[in-house]
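Using the hints, position chains Z and C with the ligands against chain D.
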Amino acid sequence: TELRLSHQWSGNDVRNKIAEMVAEDVAAANVDLTIRVFGSQSLFKAREQYTPLSRGQLDMTVLPLSYAGGQQPAYNLTLMPGLVKNLEHGDRLSHSPFMAKLEDIMADDDVMVLVHGYLAGGFGSNKGCITKPEDVKGVSIRAAGKSFEEMLAGAGASISSMASSEIYPALQTGVLDATNTSSESFVSYRLYEQLECYTPAGDTALWFMYQPMLINKTTFESLTPEQQTALTDAADKAEAFYLEEGKKGDEVARQTFADAGVKIADMTPEDFDKWLELAKTTAFPIFVSETPNGQELLDMALAVE
Amino acid sequence: MDPLTLALLVGIITIVVLFSGISVASGLLIVATGFLLVFDGVRSLASLPDLFFAELNSFALLSIPMFIIMGASIASTRAGADLYEALERWLTRVPGGLVISNLGACALFAAMSGSSPATCAAIGKMGIPEMRKRGYPDGVAAGSIAAGGTLGILIPPSVTMIVYGIATESSIGRLFLAGVFPGIMLVALFMAWSIYATWRSGDARVLSSTNYTWKQKFEILPKVLPFLAIILGVLYAMYGGIATPSETAAVGALLCIVIAVLIYRLWHPRDLWVILRDSTRESVMILFIIAAAGVFSYMLSSLFITQSIAEWIGTLDVNRWVLMAMINVFLLVAGFFLPPVAVILMAAPILLPIITVAGFDPIWFAVILTINMEIGLISPPVGLNLYVINGIAPDISLKTILLGSLPYVACMVLAIVLLCLFPGIATWLPDQVMGQGL
Amino acid sequence: MTDPALSDADPILVRMIRSVSELCGVIAALMILASVFITCQMIFVRLILKSSTFWQTEAVIYLVIAATLLGLCYVQRLRGHVGVDLVPGLMPAGARRILALFVLALTLLMAGVMIYYGFDTFHLAWSRNWKSESVWAFPLWIPYMTVPLGFALFFLQLSADLYMTVIGRDNPLAASMVPDVLPQKGDS
Ligand code: NA
Ligand code: NA
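Sequences listed follow chains D, Z and C, in order. Every letter in the first sequence is one number past the one before it in the working numbering, and letter 71, counting from 1, is 71. Every letter in the second sequence is one number past the one before it in the working numbering, and letter 294, counting from 1, is 294. Every letter in the third sequence is one number past the one before it in the working numbering, and letter 171, counting from 1, is 171.
Next comes chain D alone, as it looks inside the complex (with noise of 0.2 angstroms):
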């Protein structure tokens, strides 16, 4: 049997690494049973990986969750300021209640979950440090992240919406200020070279992202016992790993712009107490009102201690 994951990273990111890492693992095991894997979007458009899982065209997937909260307005919660503090509660998170009701949601789509994993990233900016609420006034800012836009707009920056390989340009031309993604873009984007200032993901960070591995469901029962052991196996084995390289991430960006000369700002307690005041007014009561069961939701993800 020959299943397909479909990604849009490549070379050393961790995502591809994962993808890989689960491929061979689950080759060696020798239970006739290969993943393909197609990294660099060579098969499907980063955002158009979700549709073709759920209707089974593609069997498996790493992917950020909340590129479908489109179809699912639940989704959003996976890339939601103030829900998560670090990785480690993320991995939390990862396991709790509120994953699983999120995961029926995705049964109900003929998705399932592999590899759970929250990864981090930060802000940066070319209008002094951006710590805290306060320091986005006025800032013409591209956030990743529905939510994420929400909350900054109501702490009174200007958001803009451009593609992702624009943010470069328009950061050196000055059309941007600042922006805010995951420690791996912030990199992989080579930013560094136009910022002044980086607040990158440390004890305390505001930005999260839930980014899953993703087998289609009906696939993955159609498996023998045998290569799904294997596959939850290699996943299992994958996770482990993923948790400790995204911390990895986010000190190799911290140091990469501290290397380049970049200013580095760290976020405090407090400030995040702020955001999340912020959030409370402004990202959590539009998430409510899309979502059905949003308030229950929203509820067990803030009690994942």
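Do not take every clue at face value.
[To be verified] Cross-link-like lysine to any residue pairs, in silico, SDA-like; alpha carbons within 20 angstroms at most:
1) K280(D) with A153(D)
2) K50(C) with I242(Z)
3) K127(D) with G241(Z)
4) K131(C) with D109(D)
No wet-lab data here; the hints were simulated from the structure.
Here is chains Z and C with the ligands on its own, set in the frame of chain D:
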């Protein structure tokens, strides 16, 4: 079936289908559908419309209709005629003066546009009819613009360089700078050939028979002001922090429409409709090809054809320059069939490790790759610039455009050779500005 | 060569299809024009008003997609979809007509596939109320609808061309023909 055998089969069938005279876009869709149906089963057909949609689901594509509108609105006014009148008065003693100013205009436009078909459309819209009117051979008129237009993806800004930078995690700023001198070198090579070809055809003497006084030369200059205003406006929008590269195209389009209406009094709705109609026809034609090529490249990737070819190259144990030559052939062939962005997205992540292991600089390689993609843009069956030219001047046959472009392809091959001999042409500027990299 | 403009004697249904295609051309052109204005408005809002631009990027993308798809039939009507016309140009008129019929039939089949499966996606987006994932949350069934709609209109125009080719009054392969390769004879 072995992917390499499959690759051969796809190649042959694609050529046969496209040579039936079917439109390129429909042909690519049909071949893609057929192979997916046979080798991937019915379930893959359901993805086709989504893939088609996904390929168009990109803000960067906006620049194509926008730069076509720019060219179309300028072409429907006196601006083009004024510009060429001015250029002729100033370049009258240079054989092939007009073709040289056209190539210069292409290079200038390329510095405003990130896309090659857009550059080709904008300059060709004015340039080709003027050159033909003034006695330039059809082949030179069409070929120079087709080739000059390809500079859009070499001279910064460049959409494909951005895509390469993201796919390979290389510095986009460095990549942009790396394209500057190779771009200038290519322009010089194109100009040298154009001068020779025009001189050989004998028409140059007719062109240079009139002599203009300095008074005549200077009194025409104010008429060029609207054109300069557009160029400066677009450059300011792009580099002055007004807009991103894709958005700049819209500024340019609006600027051109406004100038056409206010300065050239083109306010009759019928005149405006002609601009819009022509732009729409060309834009839809090009966007249809891009979307279809996206589906086609999905098929190639899905059947593991692209990857297998690249991997096969990687496994060969040969001298690094033989390897580079083979990679060039692969890119060239891929470029024949696929639009640059698709080739880069599929090949760069696979080729990059091979390149770095063999000791080549990835920034330098981006320039080599881009010039290969430029050749692909003016070679059949999927040569977007050829079809842009065909749209602008339908009475010049594709054969004439092709034959006219061939010498310029030779210039590009020469440029690749020169870059292999003197990699500094690409790497010197980025090293100067941004320090020694990697 | 049959002049597409001088076709008063053509069947009423064919003329109606052509009118629909031309109307689609006008709509597509206006959509492209709208995307120019919206992009400039976005720049103005960001630069001068210093406020947020949530919806413009997506609106422009969807307008260009819709313009492309609705424009397919119009460009087919104008014979604006380019092809490699070397081989048909060298063929005698009879063989070229058979080739044209074959090409049209294949293109119709392809359009049919796109309509069928495109409708599927549209229906899914509509019945499940899919939104774009931005703050704007635009209903996705609208842009997705342009895929089956655009190909259906393309299908209609192709059918008209097929009919005209069958009765021998037109040949779509001849229309994009290179004049200096072979003069058209016996086609009209
Ligand atoms: Na350019
Ligand atoms: Na080509």
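ask   = Hey, K131(C) versus D109(D), does the alpha-carbon distance stay inside 20 angstroms?
value = 16 angstroms, holds
message = Tell me if the straight-line CA distance from K280(D) to A153(D) falls inside 20 angstroms.
response = 13 angstroms, holds
message = Run the distance test for K50(C) versus I242(Z): straight-line Cα separation, threshold 20 angstroms.
response = Within the cut-off at roughly 12 angstroms; holds.
task = Could you grab the alpha-carbon distance between K127(D) and G241(Z) and see if it respects the 20 angstroms cut-off?
result = 15 angstroms, holds
Checked against the numbered hints above, the structure violates none of them.
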